[in-house]
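From just these sequences and the hints, can you work out the full model?
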Amino acid sequence: VMTRQTDKTLSFAQRAAIANAQPNAVFLTLNVGSTGQVGTAYAYYYDFSRETDISPPSVAGGMLSWGLAQRPWQRYSKRLAQLLQVEFSARLVASPELPAPAEAYRLRSINEPAVAIELENVNASSASTLTALAQPLATSISHAIQAFRTVYQAEVR
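Numbering (the numbering used here), first residue to last: 84 to 240.
Read the hints as simulated data drawn from the structure, not as lab findings.
It is possible that part of the hints are untrue.
Pair by pair, the computed Cβ-Cβ distance ranges are [what the hints assert, rightly or not]:
1) Thr89 x Arg158: 29 to 37 Å
2) Leu113 x Ser211: 38 to 46 Å
3) Val239 x Val115: 17 to 25 Å
4) Ser225 x Ala177: 18 to 26 Å
5) Ala215 x Ser148: 37 to 45 Å
In this text, all values refer to a predicted model and were calculated from it rather than measured experimentally.
Backbone N, C-alpha and C fix where the C-beta goes; we use that ideal spot for every residue, glycine too.
See the structure below:
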């Protein structure tokens, strides 16, 4: 399910609502960056341990705060990011082997494994340069999700 199929921008809350309505899903947000080496891909996961406010989750009527929905999934999100990054490093030049934590708000409210993917660089010399990255990126994502599903289903289901 794509949360955005046109140029119309949805809020993070709207995207999270669409994603959270999908049972047994993983959430990937794809972005094209503007700074790194062309053909490099990065996987980011939300890491709550990096936050300075470590107060317990605010609970109202037994409900977890919207901004903390990712907390129970952070271990799985990190594992998915690790699998993605291994695949990226095998197929996309200069991609690192390890993912990075990021305080990306768009991941906080996702109630399932969630990873942000950034492909570099929108400033490529031509559109065909970016288009050529589509297949290795798609293959990497597909392989990582297949591997993740095996681990995830064994542990959670």
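Here is how each hint holds up against the structure:
1. Thr89 x Arg158: 29 to 37 Å: Given about 34 Å between the Cβ atoms, the range holds.
2. Leu113 x Ser211: 38 to 46 Å: At roughly 19 Å between Cβ atoms, Ser211 and Leu113 fall outside 38 to 46 Å, so the hint is violated.
3. Val239 x Val115: 17 to 25 Å: violated, 32 Å
4. Ser225 x Ala177: 18 to 26 Å: holds, 21 Å
5. Ala215 x Ser148: 37 to 45 Å: This hint holds: roughly 42 Å between Cβ atoms.
Violated hints, listed in ascending order, are 2 and 3; each of the other numbered hints is respected by the structure.
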